[in-house]
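K.L.:
Chain by chain, the residues:
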Amino acid sequence: MLSLSRIHAIFHKELLQLSRDRITFAMIVMIPLVQLMLFGYAINTDVRQVPAALVDLTGGSSTARQLAGDLQASQAVHFQGDFSSLQSATAAMTAGDINAILVIPADFERRLDDLRLGLQQRPLAQWITDGSDPMLGNAIAAMRQMPLPQTAPVHREAAVPPSGLFELVNYYNPQRRSAVNIVPGLIAVILTMTMILFTSAAIVREREQGNMEFLINTPIRPLELMIGKILPYIAIGLIQVAIILGLGHGLFAVPLPAQWFSLWLVTLLFILASLTLGLLISTRAQTQLQAMQLTVFILLPSILLSGFMFPYVAMPKPAQYIAELLPATHYVRLVRAVVLRDAHWTVLTTDVLVLVAFTVIGMTLATLQFRKRLD
Amino acid sequence: MQLAIDVQGMSRRFGDYLAVNQLDLQIPVGCIYGFLGPNGCGKSTSIRMLTGLLTPTAGQIEVLGLQLPQQAEALRQQIGYMTQKFSLYDNLTVLENLEFVAGIYQLKRAERKSRVAELLNLYQLQEKQKVRAGSLSGGQKQRLALAAATIHRPALLFLDEPTSAVDPENRREFWERLFDLSDAGTTILVSTHYMDEAERCHRLAILEQGEKRADGSPDALMARMNADVFEISGPDLRETRRQLLSWPEVLSAAQLGQRLRLLLRKTARWSLADLSARLGPAYSCEPVRPSLEDVFVANTGAAYAESQPHSRDIP
Chain A
183 MLSLSRIHAI
193 FHKELLQLSR
203 DRITFAMIVM
213 IPLVQLMLFG
223 YAINTDVRQV
233 PAALVDLTGG
243 SSTARQLAGD
253 LQASQAVHFQ
263 GDFSSLQSAT
273 AAMTAGDINA
283 ILVIPADFER
293 RLDDLRLGLQ
303 QRPLAQWITD
313 GSDPMLGNAI
323 AAMRQMPLPQ
333 TAPVHREAAV
343 PPSGLFELVN
353 YYNPQRRSAV
363 NIVPGLIAVI
373 LTMTMILFTS
383 AAIVREREQG
393 NMEFLINTPI
403 RPLELMIGKI
413 LPYIAIGLIQ
423 VAIILGLGHG
433 LFAVPLPAQW
443 FSLWLVTLLF
453 ILASLTLGLL
463 ISTRAQTQLQ
473 AMQLTVFILL
483 PSILLSGFMF
493 PYVAMPKPAQ
503 YIAELLPATH
513 YVRLVRAVVL
523 RDAHWTVLTT
533 DVLVLVAFTV
543 IGMTLATLQF
553 RKRLD
Chain B
54 MQLAIDVQGM
64 SRRFGDYLAV
74 NQLDLQIPVG
84 CIYGFLGPNG
94 CGKSTSIRML
104 TGLLTPTAGQ
114 IEVLGLQLPQ
124 QAEALRQQIG
134 YMTQKFSLYD
144 NLTVLENLEF
154 VAGIYQLKRA
164 ERKSRVAELL
174 NLYQLQEKQK
184 VRAGSLSGGQ
194 KQRLALAAAT
204 IHRPALLFLD
214 EPTSAVDPEN
224 RREFWERLFD
234 LSDAGTTILV
244 STHYMDEAER
254 CHRLAILEQG
264 EKRADGSPDA
274 LMARMNADVF
284 EISGPDLRET
294 RRQLLSWPEV
304 LSAAQLGQRL
314 RLLLRKTARW
324 SLADLSARLG
334 PAYSCEPVRP
344 SLEDVFVANT
354 GAAYAESQPH
364 SRDIP
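Chains as they are written, first to last, in this note's numbering: chain A, 183 to 557; chain B, 54 to 368.
Don't read these hints as lab results, they were simulated from the structure. It is possible that part of the hints are untrue.
[To be verified] Cross-link-like lysine to any residue pairs, in silico, SDA-like; alpha carbons within 25 Å at most:
1. A:K554 - B:S140
2. B:K181 - B:A127
3. B:K194 - A:Q391
On a predicted model such as this, the values are computed, not experimentally measured, just so you know.
Work out the full structure, taking the sequences as your base and the hints as a guide.
P.N.:
Structure (structure tokens):
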């Protein structure tokens with residue numbers, strides 16, 4: 183027979199213990215509240231304002247200007263200044279500053295006239311998109327059929343060519359396979375999960391198991407403790423990256439990077455930033471359970487806001503600010519640039535520096551938070 | 054006399070609770086000094102302040118010539134601390150634990166090996182060196198903890214209730230090792246709530262409610278006691294005890310098997326004959342040598358409160 187009074191005794195005890203664990207209690211409310219607010223607003227598959235480059239080879243044709251202006255007015259793209267040559271625009275795309283390039287050919291005016299008079303059906307201009315994020319490419323592709331005032335036909339035989347007004351070229355991922363985009367991003371998610379989890383428990387565990395009182399009575403310095411704690415996990419992180427990339431290449435034909443050193447460097451920086459974040463959690467959390475919950479609290483936005491699942495550019499500004507606070511966001515950019523666009527780390531200095539800053543600031547905070555005292 | 058620990062007016066408050074109140078301590082170098090008191094009397098809090106783990110609310114603390122809490126870091130290399138709860142790593146072996154601690158204390162590589170071997174031998178842990186600390190017995194764990202706390206040959210050793218999880222046999226053996234260390238010049242501060250353990254100390258302080266009630270060598274404390282000790286046997290000891298406690302001359306009466314141990318106030322100036330006459334022919338009684346437990350009873354609780362010339366109430 184089940185005893186109601188025994189079930190009640192356990193139930194009551196659980197409630198009492200739960201109400202005394204303040205972080206757990208806060209998480210019960212915070213996780214649904216904050217995360218729902220965040221993702222409800224942030225998750226947006228309707229991609230707008232794709233950062234783009236304009237390469238105008240007409241030498242300043244006013245019609246070309248007008249075309250670019252109308253495209254921008256549609257809010258589908260946002261031109262980030264003029265580029266004088268295709269090379270400089272491509273370099274900006276490799277660095278991840280822009281995701282699409284509009285190339286207006288030198289004979290644009292004639293193509294436009296031919297089209298309006300119904301003489302010939304050639305594309306007016308060319309869109310080059312960054313295929314490493316297929317969702318952005320799709321947004322650009324949708325513009326091919328967009329009606330534009332300049333192209334209004336003046337002859338009844340004139341018609342928009344079946345392939346659209348623009349020729350579309352995909353760089354980096356010509357077949358637009360999503361695995362190519364997902365696998366490098368997955369490195370960011372898996373590393374965030376494992377690296378933060380490992381170190382977030384590291385110091386709490388010593389405290390919970392009673393080792394800390396002995397340890398803080400020895401001459402060990404907080405920074406020595408912190409460095410010693412994260413070193414073993416660097417190797418673990420690098421092994422995980424090798425597994426993901428190896429499998430990604432073998433099973434999903436994700437290209438292997440040409441810039442091995444850059445990949446190694448940015449990954450190392452990301453591992454350090456994540457481990458530091460874990461340590462920071464560890465100095466705050468009182469129990470391993472709390473450390474785990476705080477890890478999940480960081481892991482969820484790292485999956486949803488980092489650009490891993492949804493394009494960063496499609497998120498509203500506040501969500502982008504939050505995303506900038508996550509190491510994963512910077513790493514998703516870096517790893518895609520390095521693996522998919524063969525970028526060298528020197529063109530990615532902003533994100534590289536942000537990860538360095540993360541580690542330095544996090545390490546300093548964790549060291550300052552850690553006191554060799556019990557009061 | 055050179056002092057290892059010199060403390061004046063050390064206090065520690067946790068919110069409204071005064072854990073340690075105006076403690077004065079002078080502990081000479083090489084001494085085994087005991088803190089004797091019940092749980093919650095401020096033993097652990099005092100030890101933590103003396104190691105620099107806790108910041109005192111008030112007081113002057115000088116340990117091995119260093120001012121605390123300011124110079125706590127400099128002190129760490131010179132002290133050893135054995136916590137109340139086993140604080141080494143359960144999932145490391147005996148050898149791995151000792152090597153870890155040797156590394157933390159920066160023992161030179163060559164010295165490390167010989168020192169660990171020496172300690173394994175001294176604390177009879179050679180056969181257990183490949184065993185994980187988690188599966189050791191209470192006595193073995195405690196010896197391992199002592200080995201770890203002394204690996205860097207500290208001048209001062211703090212032991213917080215070191216034998217609470219240990220059988221009497223192991224406790225005796227443990228104390229032999231402490232006397233060896235003391236003989237070699239180590240000052241030892243040990244907290245305990247066991248009378249027999251306190252009796253082994255060179256000097257001790259009786260603590261209650263965060264205050265020092267008495268201190269001195271165990272013999273001096275017994276000699277200075279404000280009560281005479283008698284043992285009584287006779288019929289119906291439970292009822293006899295109740296009646297004895299109502300006499301104003303009686304400080305305490307406790308049953309020990311077939312006898313009652315009676316503390317009579319010195320101020321009453323009763324002889325054995327006075328007591329026998331008062332008890333009647335059914336009882337036999339004899340004077341006995343005071344024990345440390347008698348000292349403890351005579352210096353704490355109600356006995357302490359009434360020995361104070363009023364005005365000791367909380368201000």
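K.L.:
Each of the hints needs a verdict: does it hold here or not?
P.N.:
A quick look at each hint next to the structure:
| no. | hint | verdict |
| --- | --- | --- |
| 1 | A:K554 - B:S140 | holds, 15 Å |
| 2 | B:K181 - B:A127 | violated, 34 Å |
| 3 | B:K194 - A:Q391 | holds, 15 Å |
When held up to the earlier numbered hints, the structure conflicts with hint 2 and nothing else.
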